[in-house]
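**Student:** Work out the full structure: start from the sequences and follow the hints.
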Amino acid sequence: MPTDSESESDDGLDEEEIDEHDSDFDTLLQAVAHDQGLGSGDDSDDGYIEGDSVDEDEEDEESTNIDSETESGYLTKHSFKDDMDAWKNERKELANIDPVYDSDSSTEETTNTIGNVPIEWYADYPHIGYDIDGKKVLKPMTKDQLDTFLSNADDPDAFRTVRDELNQTDVRLTDKEVDLIKRIQSGQIPDAEYDPYEPTVEWFTSQKMITPLTGAPEPKSRFIPSKWEHKMVMKLVRAFRKNKSTQKPRPEAPKYYDIWAENEDQEQSDVRSRLPAPKMKLPDHSESYNPPGEYLLTAEEEKEWLETDPDERKRNFLPKAYNSLRLVPGYDRFVQERFQRLLDLYVAPRKEIKKNDIDIESLIPKLPDPRDLQPYPTQQSQLYAGHTGRVRSISVDPSGLWLLSGSDDKTVRLWEIVTGRCAQIWKFDDVVQKVAWNPDKDLCLFGVAAGDNAYIAIPDGLCDQTRLTVTEEFVKAGFGNSKDAEQTASVSWNKPTSAQQEAGIELVLQLGGTVKDLSWHKKGNYFSTMHSQTGNTAVIIHQISKHQSQIPFRKLKGLVQRTMFHPTKPWFIVVTQRYVRIYNLMQQELVKSLDPSAKWISSIDVHPQGDNVIVGTYDKKLAWFDLDLSTKPYKTIRYHTQAIRQVHFSRKYPLFASCSDDGTIQVFHGMVYQDLLHNPLVVPLKILRGHETVGPLGILDCTFHPTQPWLFSSGADQTIRLWT
Amino acid sequence: MAKIKKKGASGGAVKYITRTRAIRKLQVTLADFRRICILKGIYPVEPKSRKKAGKGSSAAHTTFYYTKDIKFLAHEPLIEKFRENKIFLRKIQKAIGRQEWNEAKRIEKNRPIYTLDHLVRERYPTFNDALRDIDDAISMLLLFSMMPSTKQISNQVTEECRRLSGEFLHYVMRTNSLRKVFLSIKGIYYQAEIHGQSITWITPYQFAQTAPTDVDFRVMRTFLEFYRTLMGFVNFRLFSEINLAYPPKIDETMDSNGAGLSALRIEQPKADDLIAKEEGDRSEGSAKKRKPKGDQQKQIQRMSDIQAKIGDIVGEDQDPSSAEATAEDTKDDVSANTNSRLVFSNQTIYLSREVPRESLIFVINGLGGKVGWDKSVAAGSPYDENDERITVQISDRPVQGHQFLNRVYVQPQWVYDSVNAGRLLNAENYAIGAKLPPHLSPFVEYKDGDYVPEAAHNFLAAEGFEGEVTNLKPEDREDYSDDDQSDNSGNDGESEIEGESEVDEEDVDEDLYQNELEAESAGMSYSEYQKSAGSKNTATKRKASKVPVKDGDEDSELKQMAVSMMSKKQRRLYDNMKRANTQKAEEAQTLRQRKANLKSMKSKPPPAHKMKGKKK
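Chains as they are written, first to last, in the numbering used here: chain D, 29 to 752; chain S, 51 to 666.
Honestly, the hints are just simulated from the structure, not real lab data. Just so you know, these numbers come straight off a predicted model, no measurement behind them. Note that CB positions come from ideal geometry on N, CA and C, so glycine has one too. Wrong hints could be hidden among the right ones.
[To be verified] Below, a sample of chain D positions facing chain S; criterion: calculated Cβ distance under 10 Å:
no. : residue
1   : Lys283
2   : Pro311
3   : Asp312
4   : Glu315
5   : Asn318
6   : Asn351
7   : Ser352
8   : Leu353
9   : Val356
10  : Tyr359
11  : Ile388
12  : Glu389
13  : Pro393
14  : Asp397
15  : Phe696
16  : Leu713
[Stated by the list, open to error] Only pairs whose alpha carbons sit at most 30 Å apart, straight line, appear in this in silico BS3-like list of lysine-lysine:
no. : chain 1 : residue 1 : chain 2 : residue 2
17  : S       : Lys131    : D       : Lys276
18  : D       : Lys585    : D       : Lys620
19  : D       : Lys263    : S       : Lys131
20  : D       : Lys379    : S       : Lys102
21  : S       : Lys618    : D       : Lys660
22  : S       : Lys90     : D       : Lys283
23  : D       : Lys382    : S       : Lys609
24  : D       : Lys263    : S       : Lys141
25  : S       : Lys628    : D       : Lys663
26  : S       : Lys628    : D       : Lys307
27  : D       : Lys270    : S       : Lys155
28  : S       : Lys101    : D       : Lys382
29  : S       : Lys105    : D       : Lys379
30  : S       : Lys57     : S       : Lys102
31  : S       : Lys159    : D       : Lys270
32  : D       : Lys382    : S       : Lys121
33  : S       : Lys618    : D       : Lys627
34  : D       : Lys382    : S       : Lys102
35  : S       : Lys121    : D       : Lys307
36  : S       : Lys609    : D       : Lys648
37  : S       : Lys609    : D       : Lys394
38  : S       : Lys55     : S       : Lys65
**Tutor:** Written as structure tokens, this is what we have:
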């Protein structure tokens, strides 16, 4: 039902409509009627309740009134306006129209819209809630108790007045409502108008008709007793006769029989592969109630057992000894252990593990007995002491009588191999990185890499006069044509100073950076140097006879570690940090790139026959390459516990050795067969120990004697040793 | 072109299935899945590659099953039974909730039942398969026969467990198939040999077991359910093999008096029953079982008459003149090869009341002895304490009040040790009040390098197995009084060789060169020559090297070098094996050390405060 304000505005609008359009008369009439009904409510506050109690006859009067109006309207359309005015003048208050179906209390006007909120919450406020427009509903005047009492005493309607807490108003009940309450109280039907004893209305006739609606005869089944019922009854009857229970007998206990009787012999193949659960572990002596004394734990072990987590214990019980059987108590974890076993049976994943019941020794490969592969160096037989710094490099002269060594004490020493006498000392300005004898037996000179220079020197009194002159001529021949030959900018071939000349130094090559490596071509005319400078100038090849240097590479990939000439082919080997690259100098192309899959290569040597290469790495591995086979190692061996510093092939014997920072040298038998079908045979022979490790460094260089199965090694402990 | 393979359509991805997916596939609850897995013997497996099986995920905790196993489960009629049971429970709860008691009773009567017979047949196609797997079954039955009846375990279940385990023990006893016994601190282990299968089980000591709370009894019940069925069938088969009626009847009066095993009334099946059995008529068998109660009473009556005539049940087994001559014959057939092991065959043994009666009766009877026991413990003892025939009395008291002169008094361990030794041991060591020799596990098999306790030596030597004893390195021959020596035992060989090297080398030298030359001309390799030349050569070799190198060092160096030549895979295997061996050796070494300590303490008793730490 619309609120008051709405109905007012509606009123105005409707009047205008009436003025303007008089066409839809019917609707208009209804609207007017409706408005008036509502309008009557406007006039007084209690209109709703009064409207409800409008007398019947009043309503009748009203309806007749409207009827007459409509009739007149239809008859005389022209006088409508006059009639309307008349009607307006005459109109009287009409009762509320009963809105029939939705007239229940829920549609009653409520001024306060706060809903279910307890009214006490508004006790401290001037208002008691909000109306539908959100405006505050002010608290009405409240009477004090005396006033209430007096008004109750005065008012004859006090008994029918109830308090509407929500709106804080007193509501006077109508007669009808009072009557309703009274009826409910007395247990009567609340609605006074309801007649429980209405006369019956026969919706369908109770009289029998003469002819049936359908002519079908009664089916036979209506006359025969049910077969199934009969069966059930008979079952009961029989049971009664036999004095037996009618219930199905239920098996009390499982019946056992010979379940494997039928096809015992016939092997039933289970398609699914089954892994039978392992059997329980059988107990050992320690579980005995009276074990031998040694199986009992000591106090400390017992404490340790108690402190370890139960899941990590090796045994799940504490061994104990009892003097007699009657003293043995019950085992308190028996049920738990059974349960654990059951869990193992059904939740533990099963996996077949092949138990290799093999002798551990049989795993070790059978190698040929080292004694059959003699000779090889087995023990130390000479010690060359004198250096005061790490001996970085050693070299044996081609005749096998003299040994050169270069050290961190900035000296190069010449040793007589057999006696261990120091024959000569050269002093340099920088740490000596490398010494190398010229491999040509006719010449008698060696190269030294120290600081930024490479020196070529002739030792005193080692060779006879003819060789000496040949050597000197060979070295100095280049001075003549050095001017006109095209020079590499970074290299200058200098004459030694007088002091140097005195010591036997014949040539000084000044290079761009610290020279790290120097290696000779087998013919003795060429040598290569490698210095720390990056870029393509790191590797330079020098020709002594012409005093010429050339840079073989336009571009160099990686950090170069070593360079060397191939012993049999015109190949040049460059070792970078990860790869070994072999170049053909004649054709000027890359022949092979070997990958030992190491982090950092330290050293390399080529087998005298030229087809096999060994590479030592700082990550403790030694890789053997067969150049005919692959760029991957034929064998990778890892036996040193520290970085490998140097590897070396013996020129005469099928031996090679590696030395490492762990202070050991390992000697191998490395036989290469001419027959291509045979793989190289690599057999470890001997571990030589003797050098001391100084800090992280152990043995820095090792080299074989050119003619004997002897091995020289030099280390960070400032000594050089001969192993025979 | 070959067909393109789809990912995850073959191999590990389809071979395995996770538990969650299996449950979803079978449409059962997790609890039902567990039950069905237990009953059907389906177990999780470890896939070869977790990543492949897990379709890319390599989570460590996922459980995998074979997909085939799960497919196989899907056909199991039991799953349907489980569903029926679920419905049944729902119905009965509903009825109870509505207080419709009659309806509830009616539903209760129609409780769905299922049997596990087909599972036994399916899991164990042959009888031997079943025998292989009954270790856990017997252990479980024996445990549950001692459990108190609680909410989780009903009295009927306990009773059935007791009956089934009793029957099995009776079979073992009757066929003398007991082989080994071990008194552990956890319980008593027994090992029997049936049909060539070693069956080991453990029974707790006779104390009231308590149901612990940290154990899932649903799992145990499910296992027990299957084990009961299995053992029923196994027992039936075992009994019928020695021509006995199954199930044996239980003498109720004896049983109620705590007679235990001896309460079983064993009888031959009647002739018609045998025929019926031959026909393989199951219903006949079951009809026999469900004999009217009166008939059963009569049977027992008749049996006890026979018993009275024979004298006693225990004697019955050995008495050839008994009414059960045929049974004896079959029994003899079964145990013909085991007769030599009948340790107690001529003994009549009386048990005092403080000894574990059940276990001792089982062991002694099972190995041919006759047993009597105190009346106050249980009824039915065939011998009185004063009986003249008693040869041995087993007692576990520190002192015995009255001692009969014509019998030996021993502690119970004597019986068990005699069983393990296979003969009667000297009773003096086991006399009452004496310090018992250690009780060793008969299940330990010694390998090279294992620690063999002193007692085992005595045992094995006394057993007459000289061959084995010589194979074993005797630990007690070493003199442990010297601690230093035992510490350096690893270096023994080395010191010997060092001693050898002191042999005068000068004399040998000249011959040696000659020999070498000869050998070389014969085409012998140097190592072979050395081997043939023997110890002389080692001396010369050492002479050749100025710095003497120890032989052991050289060998280990050679080994080290050889190991360095192994491939990575092989080296890992080698390292693992080596570690395991070292561990084992260390354990043995610890035992040796402890033994040495004990010995040294015994020889010169240290001050009291030192003792305290050692003695436990």
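**Student:** Now look at each hint and say whether the structure bears it out.
**Tutor:** Hints and how they fare:
no.: 1; hint: Lys283; in the structure: holds, 5 Å
no.: 2; hint: Pro311; in the structure: holds, 5 Å
no.: 3; hint: Asp312; in the structure: holds, 5 Å
no.: 4; hint: Glu315; in the structure: holds, 4 Å
no.: 5; hint: Asn318; in the structure: holds, 4 Å
no.: 6; hint: Asn351; in the structure: holds, 7 Å
no.: 7; hint: Ser352; in the structure: holds, 6 Å
no.: 8; hint: Leu353; in the structure: holds, 5 Å
no.: 9; hint: Val356; in the structure: holds, 6 Å
no.: 10; hint: Tyr359; in the structure: holds, 4 Å
no.: 11; hint: Ile388; in the structure: holds, 5 Å
no.: 12; hint: Glu389; in the structure: holds, 9 Å
no.: 13; hint: Pro393; in the structure: holds, 6 Å
no.: 14; hint: Asp397; in the structure: holds, 4 Å
no.: 15; hint: Phe696; in the structure: holds, 9 Å
no.: 16; hint: Leu713; in the structure: holds, 8 Å
no.: 17; hint: S:Lys131 - D:Lys276; in the structure: holds, 19 Å
no.: 18; hint: D:Lys585 - D:Lys620; in the structure: holds, 14 Å
no.: 19; hint: D:Lys263 - S:Lys131; in the structure: holds, 29 Å
no.: 20; hint: D:Lys379 - S:Lys102; in the structure: holds, 16 Å
no.: 21; hint: S:Lys618 - D:Lys660; in the structure: holds, 17 Å
no.: 22; hint: S:Lys90 - D:Lys283; in the structure: holds, 20 Å
no.: 23; hint: D:Lys382 - S:Lys609; in the structure: holds, 26 Å
no.: 24; hint: D:Lys263 - S:Lys141; in the structure: holds, 27 Å
no.: 25; hint: S:Lys628 - D:Lys663; in the structure: holds, 25 Å
no.: 26; hint: S:Lys628 - D:Lys307; in the structure: holds, 26 Å
no.: 27; hint: D:Lys270 - S:Lys155; in the structure: holds, 24 Å
no.: 28; hint: S:Lys101 - D:Lys382; in the structure: holds, 22 Å
no.: 29; hint: S:Lys105 - D:Lys379; in the structure: holds, 20 Å
no.: 30; hint: S:Lys57 - S:Lys102; in the structure: holds, 10 Å
no.: 31; hint: S:Lys159 - D:Lys270; in the structure: holds, 22 Å
no.: 32; hint: D:Lys382 - S:Lys121; in the structure: holds, 28 Å
no.: 33; hint: S:Lys618 - D:Lys627; in the structure: holds, 18 Å
no.: 34; hint: D:Lys382 - S:Lys102; in the structure: holds, 22 Å
no.: 35; hint: S:Lys121 - D:Lys307; in the structure: holds, 27 Å
no.: 36; hint: S:Lys609 - D:Lys648; in the structure: holds, 19 Å
no.: 37; hint: S:Lys609 - D:Lys394; in the structure: holds, 10 Å
no.: 38; hint: S:Lys55 - S:Lys65; in the structure: holds, 16 Å
Going through the hint list in order, the structure satisfies each hint without exception.
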